[in-house]
Structures are given as C-alpha cells and as structure tokens.
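On the provided structure of chain A, position chain B as indicated by the hints.
Sequence order for the protein chains is A and B.
Just so you know, we're using this note's numbering here: the first sequence kicks off at 116 and counts up by one.
Just so you know, we're using this note's numbering here: the second sequence kicks off at 48 and counts up by one.
Hints in this document: simulated from the structure, not taken from any laboratory.
Glycine residues also receive a C-beta, built at the ideal position from the N, C-alpha and C atoms.
Misleading hints may appear alongside valid ones.
Unchecked claim - Under the rule of at most 30 Å between Cα atoms (straight-line distance), these lysine-lysine pairs were calculated in the BS3-like manner: (1) Lys374/A - Lys393/B; (2) Lys368/B - Lys203/A; (3) Lys132/A - Lys292/A; (4) Lys402/B - Lys368/B; (5) Lys370/A - Lys402/B; (6) Lys354/A - Lys321/A; (7) Lys193/A - Lys132/A.
As the list claims (entries may be wrong) - Pair ranges (Cβ atoms, derived): (8) Gln189/A - Glu388/B: 25 to 31 Å; (9) Lys191/A - Lys215/B: 21 to 27 Å; (10) Arg353/A - Asn300/B: 30 to 36 Å; (11) Gln181/A - His332/B: 27 to 33 Å; (12) Arg262/B - Ser218/A: 19 to 25 Å; (13) Ala380/A - Lys400/B: 45 to 51 Å; (14) Asp394/B - Lys193/A: 48 to 54 Å; (15) Lys400/B - Gly382/A: 29 to 35 Å; (16) Ser74/B - Arg219/A: 37 to 43 Å; (17) Gly274/A - Gln255/B: 57 to 63 Å; (18) Glu238/B - Ala386/A: 53 to 59 Å; (19) Pro361/A - His332/B: 34 to 40 Å.
What the hints assert, rightly or not - Covered stretches of chain A (chain B as the covering partner; in silico rule of three or more C-beta atoms under 8 Å from a C-beta of chain B): (20) 136-149; (21) 274-283; (22) 326-338.
Next come the chains, spelled out residue by residue.
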Amino acid sequence: MFAELNAILNTSPDSFKQGEFILVSDRRADASFLVHHFLSFYLRAGCKVCFLGLAQSFSHYNAVSQRLGVSLTQAKEKGQLLFLEGLKESLDVLLGRTSDTGSRALDFLRDPAVGLRCLYEFVQASVSDSGDGGEGGGGPPVLLVDDLTVLLSLGVSVGSVLDFSHYCHATVCSQLKGNMVMLVRCEGEEDEDEDGDEEGSERLLKGLTHQCSLTLHVQGLPTGFCRDIHGQVEVCWRKTQKDKPPNQKKLFQYKVHDKGASFFARGTSSAVL
Amino acid sequence: MAAPMKSVGSSFNATSFQKKTRSKLISIPGTRPSVQNGQLIVSTGVTSLDYLIGGGLAVGTVLLIEEDRYNSYSHMVLKYFMAEGVLCGHELFLASAQDHPDDILQELPAPILDDIASHSPLEGRMQLGGQHASQDAMKIAWRYQNLPKVQTALASSSRFGHYYDISKKMEPEIRQAANCYAFYLPEHPTESSATRSPLIESYSALLQSIQEVIRKGGFDGAAPPSKSRNVLRIGLQSLGSTLWGDDLCCRDNPAHGHALTTFLYGLRALLRSSLSMAVLTIPSHLIQNRAVMGNIIRLCDNAIALESFKGSDRETNPLYKDYHGLLHVRQVPRLNCLLTELPDHKDLAFKLKRKQFTIERLHLPPDLSETVSRVSRGELAGAAAVGTTCGTSSNKHLDF
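For reference, chain A alone in the conformation it holds in the complex:
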C-alpha cells in the first residue's frame, strides 16, 4: 500500500468509496505495482478479496505483499482472500488432463469461443458468500484481476472479456456495493490510423474506460528511458465527485522502490532538483 497514492486518490483503508470500478492500464511501462498496491490496500481495509491472478504465480504475489506488510497466506487461511492461480489451474487443461479436483473456472481454455461464463460464475460464487458471516471482516467484496490481456492471449475475444467485466461490474459494484480493480496492458504505440482493424488490447481498453469510474493510466516517459523516474501516471475521475468538476485529470510521475513507490508532480523528482 502506497501512502502517497492514497493521498492522491483521497482514500484510506478506513474510509474508501464503495461501488467503484478502477481501471489500471499501462503502455510502455509496467503497472503491476499498482495491482500490488490495491491488493494490500483492500486486505488492510478488511474487505473480502477475490483475486484472479492470471499473470503470475501465488508465490510471486505473496513475496511482494510480504514486503508491503501483508501476508497473503494468512489472509487465505482466514478466508479473507480467495485466490485463483491461473498458471496452476490452466496447466491441467492445456495438457489435456481431466481432473475433477480443479475448479472449472478456466474451462474457456478448452474452447475460447464459449466465453468467460465459467470464470464469472466462479467470481459470483466467491464474492457473494461473504454475506454468510464468514471471516471476511464484514467489509464489501472486492474483485481484483491481474491482467485481462492474458485472457486475450489465451484466445478469448474482446467481446467476451467486455461481457465478463460488465457482469462483474453489475454484481460486485452495483449489487454488492463492492469495488473492482482490473489491469489491462497495451502495446507500445497508439495506432491512430488503423481504426478499421483495431488490435485487441486497444479495443478492450476503450471498452473498459467506458465502464469504469476511475482510471489510472501508467505510461513510460515521453522523453525516453530514465533510471530515476520510471514513468508517469494519469489519474482520471470519470464520474463526478461531489465538489469537483467531472472528468478531472491529474498527472504524476512515479518511481518504484523496493518496498513502495513515490509519486510526485512532473519535474519535481529529487533526481533533477
């Protein structure tokens, strides 16, 4: 959890806005540090978290979270965290083994044309049983997805992913008043001229930007590679806040550290001042 980002977003684990859909995207940079931020943020807030870890293994998320001061294994044992390890689950399907023990959440791998219904059913089941007075801590449910683009790589169509996110939005944000964070990773350059046959992740980004309420767009520096500034984050509130005009935008530069990240206004890095 990065305190500086909380200050920027005006939230804290004790009081945060419910029913939000936060979209994290990146281009020529890596935004996965924000996923770790939100994971530790919502675990500290006592929410019941459903994490779809498609890009990395559980041990990776656990090792990073440990540095941020949250233990995923403990959260998992308490029942606060429900972790779907995509890498582990997909292997049985990809190798053609039929196992009854694994969940059916990744059944789309057998035939991507079917869509993500099974995955949605997994999410629905895991977020909605928090109301049974489990050890979730009583907070609202939260859905985190690390990398929707992995789904595209596995052959799922953009339309199916958008359907999936829409259903999740309706269930998690609207019905259960919970929050949702999704990560989309895009290509190096924006292709303005090729609107006709637009590439998958670009179309996905546009579709999700339409659905979400807050976007965090991470980019590499336009001036190129720098050791001391890792990139810039554009924060854009889409829905109107009470006392602020709609579609407010802010731009920050960031640097990732060993145990956190620092955010600062453009040009005010300690390396250049």
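Frame of chain A; chain B shown alone:
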C-alpha cells in the same frame, strides 16, 4: 555483560559466531542466489548478457531472444546457453523444427577451461609491465593518471559462468557427459486432437514432452527432494516459424494467432513450479501483427532483441564500424519483487570478437578527421555562458 562474553570467546579462541546459512536453500552446481533479490540464478553463458538481465537467468523464468535477420547471432546465444549447461552438469532439453538437436549440440563452442590458472600470473605480469609503460606514457597525460580505465564491455565484479571460444567446437567427451533430451518435430509423432483448444498440435506435443521430462527427471518443485537436485535448461529454437506449423509469420490475420501465446502461458506455468529455465528464439521480424508480438513479450520474463547490421545499410555506416549489431532490451524480469533492476542505459550493441560474443555500451567513434569543425561547440559554450551571466558582459553575438 559484553566484557565477560568477550573474554570467554577469546579464551576458547573461537567465537560462537557462525555464518548463518539457510539449510533450506538448495545448492546446485552452476547456480547461485542473486545479489539483488535472492532468486536462484544460472548463467546464460554470455557474461555480459548475465549482467544485463540482473546477474543471470532466474530459475523458473523464460528468456526470449528476438532473432536477427539471418538468425546467426541469436542461434549463437542459444548455443552458449546450452554449452554453459553442459559444463555445469545441468540437464538439457533442446527442441527444434529445423536443425536436428543433435546437430546443434555438436556445434557448441569450446570452453576455455584453464583460464583461471593461466590468467592470473599473466595478468600480474601485464600489470607490472603496464606500470612501467604508464610511468613513461603518463608523463604527458598526467591528468588522466588517476582516472579509472574505461571498460566498455558489461561485466559484473565477480565471475559467474564460463568463457567460450567460438572458433572451436566442444570436445565430444565433454558434450556426451551431459544428459540431453532432444525434441525434433519432424521425428516426433503428433496426434491431431479433436479439442477446440487454441494450442496447435506441435506446441501441444512440445508442452507435453517438456512436462514429461520435468516429471521424470525430478525437476518438479512440488516433488519430494530426491537424491540430488539438478536444474533443466530448455532451449527452443525458432518458435512461431512456419516449420512449427504456425502461420503467425506468414499472414496478417493468422488462424492460429493465439497458439504461441497459449503455449508460452503453459510454459510459464510449467517453469514456475519446477527447477528449470528456458531460452527461446522467435523470428519477430517476420511477425506482422504487433499486438501479437507484444503479448508474446509480456508472457516471457526477459526479452531482448538482436538487430544485426548484416544486410542493412548500417553495415557500412562508419558510426557502427566497431559493432555487429544493436541489442534492445524489451523486458526485464519482475519476479518476487516490486522493483526491477533496470539497466543503466539502453543504448547497447553487440559484437562478435574472434573468439567471443560480447555486449557493450554503444559508443560512437571519435571524429578524427582534420576537417571536422569544432567551432560550433565553442560557440555553444559561449552562448551558454551568456545565458548564465545574463548579459553582464557585452557580447558581439547579442545584438539588440
């Protein structure tokens, strides 16, 4: 409290201090924990490449090499990787659809084995001689005496991995000592599957055979630790080319557009749970669809691209006369840590010396011609000085 403890320690002439060792940490020849994040790493066989990707290739990760146009340098890096495995006693898995894996193994570069023994006295003598020489030479350039020697080749302070002589081939005795599993697609039976999985048969067969080797060889991380652990080096040549039955390279809208990415996802899943790492080469210059290439890079942990000057107009450009090509770092690994070790800068070039492949920082050669105009720099400096002193001195360039 501290004083008696000290006296007791000194009377026994041995302290109770013991170096803290983690018994859990498995020690396998040819591997070592990374300095930065404690990951178990192995050498790729190219010392400068090790340095570039953070000390070495972490166990459980994939290194993608985007091929140069004639696939000569990328093929060489793959052979270096395999040769390092042979010398460290690791087990190998080599898959190819073009050359037979046994043929590739026969062309591994010969190691320079006795370099430590012969190197150090020679180096000492060289340094002595160098000092004598420097005493004469430095009289002129005394200002530069204390400056460190400029080292362009990337290298870490401690040695890891071996050096190879690419002009010679590895002796068959050394080579045959290593346990190598070969996967040669034309000789491998592939059954056509009726499922509608995005994987095509060749990749599915390859994934299954890697999985079998990992299971049988005991590289599985979940398996109980048997007699002695070893690591498996996986080399995959020219994935995505037409010979693998993939149409990624020949069409704009390939029918199997997700076959390779699905395979890489499965490969990552296999490697993360086992003691193995993979180096694969992909002819990226043939892949038209940039979105697919981006997905491929993201599914590999490390990615570098070799851009050779062969066949391009840069070959004859005097700016690049010292190098054979440029090296682009596409992706640095981000495993078990928030922060990644970024390279100092991204202007890198590779060159093939007589015996060795190295990666260096790109430097432009000095312009030594007589007609070179050096006036402009003086003018620039003058202008800058004017800017800082803000017009306190009158200058002829400024004309109000």
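Unsatisfied constraints (hint numbers, rising): 2, 5, 9, 11, 15, 17, 19, 21 and 22
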